[in-house]
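Q: Listed below, chain by chain, are the residues.
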Amino acid sequence: MLRMLRRRILESVLSLVFLLVVVFILSRLTGDPSSLYLPETASDAVREEFARAKGFNLPIWQQFLTYMGDLSRFDFGESLRQQRPALSVVLEAYPATLRLVMWTIIAAVTTGVLLGCLASLRPGSLIDRLAVGLTVTAASIPDFWLALMGILVFAITLGWLPTSGMSTPAHWILPVVVLMLRPAGSIAQVVRGSMISILGAPFIRAARGRGLPVRRLVFLHALRNAAIPVITLVGVQTASILNGAVVVETIFAFPGIGRLMISAILDRDFAVVQAAVVVIALAIFTLNIIIDLIYGWVDPRVRT
Amino acid sequence: MKRASFAALSAAFFLMASAGTFAQDAAITIAVPEEPAGVDFCNSDTTAPSRILRGNVGEGLTRRNVETGVVEPLLATDWRQEAPGVWDFTLREGVTFHDGSALNAEAAAKSINRIFSDKVNCSIRAQLFGANKAIAEATGPQALRITMSAPDPILPLRLSSLPISAPSTPEDGVTDQPVGTGPYRMASWQRGAQIVLEQYADYWGDKPDVAKATYLFRPEGAVRVGMVDTREADVATNVALDLLGGDGVLAYDLPNTIIMRLDMQDAPLSDIRVRRAIGHAIDRQGMIDGFLNGAGEPAAQIISRFVDGYNPDLKVPEFDPALAADLIKQATADGVDTKAEMTYYVLGSANPYNPLIAQAMAEQLNAIGLNVKVVSLERAAMGDILLSKGNNRRAILQYGHDNLLGDASLTVNAIFPSSQKRSQIGPEFAAMIDPAVEKANAAVGEERTRLYRELIEYWTNEVIQDVYFATLQGAMKVRPGISYEPNFQTNEIMLLSDFSVE
Amino acid sequence: MTRILKLLLRDRVALVSALYLVCIVVACGLAALFLVQEAAAMKFGSGRLAPFDFARPVRDWLGTDQLGRSVLYMLLVAGATSLSIAICAAIIAAATGTVLGIAAGYFGGIVDTLAMRLADVILSFPSLLLAILFVYLFEPSATNIIILLVISRVPLYLRISRAETLEISRRLFVDASRMLGASNLRICRRDILPMVMPNVLTLVALDIGLLMLIESALSFLGIGIQPPSTSWGLMVASGRELMGTAWWLTFFPGLAISLTAVASSFLSNWVRIAADPAQRWRLELGQGSEGR
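Residue numbers (this note's numbering), protein chains in the order written: chain A, 118 to 421; chain B, 42 to 543; chain C, 325 to 616.
Source of the hints: derived by calculation from the structure; they are not laboratory data.
It cannot be assumed that every hint is accurate.
Unchecked claim - Pair ranges (Cβ atoms, derived):
1) A:F173 - B:G467: 26 to 34 Å
2) A:L182 - B:P476: 47 to 55 Å
3) A:L122 - C:R336: 21 to 29 Å
4) B:P353 - A:A170: 54 to 62 Å
5) A:M121 - C:R336: 31 to 39 Å
6) A:D187 - C:G353: 47 to 55 Å
Unchecked claim - Not the full set, but computed from the structure, chain C residues with beta-carbon under 7 Å of chain B:
7) G371
8) E565
9) M567
Where a beta carbon is used, it is the ideal one built from N, C-alpha and C, also for glycine.
Taking the hints into account, I'd like the entire structure generated from these sequences.
A: Spelled out as structure tokens, the structure:
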């Protein structure tokens, strides 16, 4: 167990460094952003001064070395736009996204498991077909469109929910529903498939055929077996949820890390972009490691 | 227990209900598109912070009258130019900052000198003063002297854009708790969510109706409008022009001109007939009425009428596609390659109308015999093209030019001289333009205004580096029960004291 | 071919999906050839007309935008862009990823390790954020978007084909081929590839919808297809300011995206069963692809 953990951590660190290098070089290649931060009317002299002060006129490898040196001291540099440490900017935005993703996962797993179980009870029935159709549809609707339509229908036209912001629990309903549909659909499909194959296994059928009241036991047993692929799916879906979060945060005005990254890229705010990439990558790698740990705990075959 | 809490609850309810009936002490919620990057006054030159802070939290020594645009007293009651570049200001008595300290010449001098300090990164410095430097000093308790490094006949106008901050403002960096003299103090800033302003009890001027304002940051335009409809907000700024004519939708002028800048170095744009033809090929009024909901006016020159130096005699080129096509034919006959492909650059994502305008323009230009292709760019790439000479580029660049200062010198000095990065003119024009700009800059009073007007006329009719489309309006939405009179400064300075609530 | 059709007829949902996809591809293809001018034609006077007024000419049946352009025509032309990008990217990603995956699985060694590491990194990071970064650096254009989509999907094909290859290459019939003197290339092509294909084809069918969703998201955020070209995502973005008053500008393109993605999903379910000889009996017995 411990050895696997160490190996995973090492792999993650390597991936992280690789990601960082790529992001750094690519973002510096876009040229210096002084035209974005200085007013139109600024003279050449002012522009050169700005570039010099921020170190943009040094060769890329030199900028990179300076950057790596700073990183080792946890100094991510200063946000060009907000004139304060980039790490603070990113860490302030992080909780909103974390909460959004967490609630989405909870909602998705709950809904997906319920729907999958329901569908698996009578394979091929109307309920089953409906459930499958629903999950496929849910996975196919573009989240930005769903968010806009959701606001139009539920907030503006019907007035049941608030349009945007994140102050009260009611504000979270639309964003979480929009985000969770796709993962819930995938989870439902996996749970259904897994349940059906277990419930249809010969020894189960035989037991039922002999009239044993095994129903509930079987059900729970099947559910526990379905847990493993569901956990895998959650790990895989997290990146996809983060994708959706970017769009949802923009439309619903959640001050999260997705929205921050987009505006930082538009503003050529390098420090923030890199800090955001690091934080997101760290979170994902940590999640993957946690999932591996859960695996080891749930599935005895892995525990070697 | 139960009865006591019930009584408390009903008492609270009663108090809240009665509070709501008074027009004074009202609280309003305003949905704005963008969160300010910072709230220090010295970075309040962009719209996002300016709209919230200027006139509400911070005040300048002067301000511009919203009807005439003329400079009038605010924190300074009187001023006089002692000598070229040396100005004396008399400060108002009895004004206090939000932290209780008094407004005196020492405080004002400190605030102004801070802009020029190396320890604070103040974007307003380059915006207002360019390369010019100012040194402020107190010559008496309420007497302030500002000495400029170069003569500046419009210093009082410039100072209208510079809010004065309290002496307690840190000297070594930007602050996120601005302290000014305005009718409101900044109560809180929840990053990513909102800014709350609350009435300052000891304000020197009239007590406004609105006691508290909450600014919510909502980038989606449709969401902002929806919030007014659902009463989540009382005011929504920057709404789509298509909504004009609807309930509660108000239009306001913008001191922004939409320009098509031409790269004059290469054919066909190097031929003045082609440039003239472009001016005649565009149905400005038709476009404004057609899809901009009539919210704008065709522009005849680079600055809007709210800017000193505006030339009232200049006329918008007639929409005459036949004439334009004819001019093109003449140029073609003389061997100019009018069919060479030109790229029309427009800023893609900022404003939904820009791409529409660009496409309409390209259609009309292609209709008269030119070969134009539209390309959308993002901000940084646009900046690169805007600020470089277009050799071998054959570009037409569509962008909006803001002159928020209110004086032609800002525009003229930024765009006309051949030494400027934006300039596309060759040596023959440079020989005329450069000395004329210097002469206008050095003049004062009536003479100065006249020289700027002449320059603008020459630029518009003879140089034709730019073709002008229109000055558009902006739109905002207020809920029933809120009244507000928009003016040409509304986009940058939205005074809460101008709102009244029923 | 007729066998495929027969299998398709057995599954009504997949049949409808396939028909829909064929129709929309043909319609958009024709529009891209003949309707481009019409779609761009502006009529200033007829701006923001509401849809479903069948008294008006066909062009106005789905409404018009602010410039008076026909939503119907724009929808078809935009669809051509969205679909061609998705289909191109899916096919290229599938081809590249499968080849790489088979190579990695068959030859193993350091090529394998490197490929898997790279695939992991790309797969674990949110593709949209990577996409935003890439597209920003290399200027948004249809070609660059395809490249980006290919890069983000290749790891998946790589993983799948590698896993299959690893399993298959240990089987007896592969050993038999080797003993008969078949070259590596021949083994890969004749023995391994056909076994890998069902999974790959399933994924391709799914990817058409998926890649279209990603491209729409990019265009919606303003960093995908740029005006004056159009795509469904861009249409949604252009209309979003007027959502309250001109709902059809955002509704129809979004509906188009959803329907196409749904169809591609159902079709992919069918492909999963039809392409795998071991599963095909379900269709042949007329149970449809839903039941087990």
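Q: If a hint holds in the structure, say so; if it doesn't, say that too.
A: We went through each hint and held it up to the structure:
For the pair F173 (chain A) and G467 (chain B), the beta carbons lie near 31 Å from each other, so the given range of 26 to 34 Å is met. A C-beta distance of roughly 49 Å is found between L182 (chain A) and P476 (chain B), which places it inside the suggested range of 47 to 55 Å. Remark: the range hint 21 to 29 Å for L122 (chain A) to R336 (chain C) is contradicted by a beta-carbon distance near 50 Å. One distance hint, 54 to 62 Å for the beta-carbon pair P353 (chain B) and A170 (chain A), is violated here, with the actual separation near 44 Å.
At about 47 Å, the CB distance of M121 (chain A) to R336 (chain C) disagrees with the hint of 31 to 39 Å. For D187 (chain A) paired with G353 (chain C), a C-beta distance near 53 Å keeps the hint of 47 to 55 Å intact. A least Cβ separation of about 5 Å between G371 (chain C) and chain B falls short of the 7 Å threshold, and the interface hint therefore holds. For E565 (chain C), the suggested interface contact is upheld, since its CB lies about 4 Å from the closest CB of chain B, less than 7 Å.
A hinted interface residue such as M567 (chain C) counts as satisfied when its beta carbon comes closer than 7 Å to some beta carbon of chain B; here the least separation is about 4 Å, so the hint holds.
Checked against the numbered hints given earlier, the structure breaks hints 3, 4, 5 and satisfies all the rest.
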